[in-house]
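Enquirer: Sequence:
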Amino acid sequence: MGESDARVEPATADDVDAVTDMWVSLAAGQREHGATLRAEANRATVREWVAQSVVTGELFVARAPPPGAETEGGGDGTSDPVGFVGFSLERGDYERDAVRGTVSNLYVVPERRGEGIGAALLDAAERELAEAGAEHVALEALADNDRARAFYAARGYDLHRVELTKSLGDTEAESPDSEAESHDGEGADPTDESG
73 MGESDARVEP ATADDVDAVT DMWVSLAAGQ REHGATLRAE ANRATVREWV
123 AQSVVTGELF VARAPPPGAE TEGGGDGTSD PVGFVGFSLE RGDYERDAVR
173 GTVSNLYVVP ERRGEGIGAA LLDAAERELA EAGAEHVALE ALADNDRARA
223 FYAARGYDLH RVELTKSLGD TEAESPDSEA ESHDGEGADP TDESG
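So in our numbering, the last one in the sequence shown is 267, and the numbering has no gaps at all.
Hints may contain errors.
Calculated lysine to any residue pairs in the SDA-like style (CA-CA distance at most 25 angstroms, straight line) [stated by the list, open to error]:
(1) Lys238 to Ala196
(2) Lys238 to Ala204
(3) Lys238 to Asn217
(4) Lys238 to Gly101
DEER-style ranges, computed between Cβ atoms [as the list claims (entries may be wrong)]:
(5) Glu167 to Pro137: 19 to 27 angstroms
(6) Asp77 to Gly101: 34 to 42 angstroms
(7) Ala225 to Tyr166: 42 to 50 angstroms
(8) Glu203 to Gly241: 38 to 46 angstroms
(9) Gln124 to Leu240: 26 to 34 angstroms
(10) Asp165 to Pro137: 31 to 39 angstroms
Worth flagging that the hints you see were computed from the coordinates, not collected in a lab.
Treat the numbers as computed from the prediction; the structure is a model and nothing was measured.
Heads up, the beta-carbon is just placed ideally off N, CA and C, and yes, glycines get one too.
Could you put together the complete structure from these sequences and hints?
Expert: Quick look at the structure:
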């Protein structure tokens, strides 16, 4: 992965539709890693988040010329976004001993991955969060997304919290111990003193 020719800058109102489209692509791609967010069904909600993040300055985009393209003189140098990152200082009701920033989304269009654009976006978000007072940065990656987890590990992110999930939709499938639990009190609740 070489140094990127991408220009990272705050997103503008002109980027709202493009970033929304990229988020929908991000969500659709994450479903193959077990994500439950619906991509297209969340378009309106995401568009609102993107527009709000433009106003608050908590969204950067990466712009890059197409591979092999020379920047022609006379143009304004603008190009469509090829990636984005959302970030914010953590807000909430709990008191903490450190100010924490959060990276909420990081995406690069598939045809531009491996060029350092994601690293440039993450670096920019980290700098902005540090300038805003963050002492730590947190983000999430799906457990099955090995590429994302390796990317973040290479950038110095350590495992901090593990989220466990369980499907409740398949009531026919029982745990391997469920048969023992249903016979003669074996496996019964140890706190149940009724019998």
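Enquirer: Determine which of the earlier numbered hints do not hold for this structure and return their numbers in increasing order.
Expert: Failing hints, ascending: 1, 2, 5, 6, 7 and 10.
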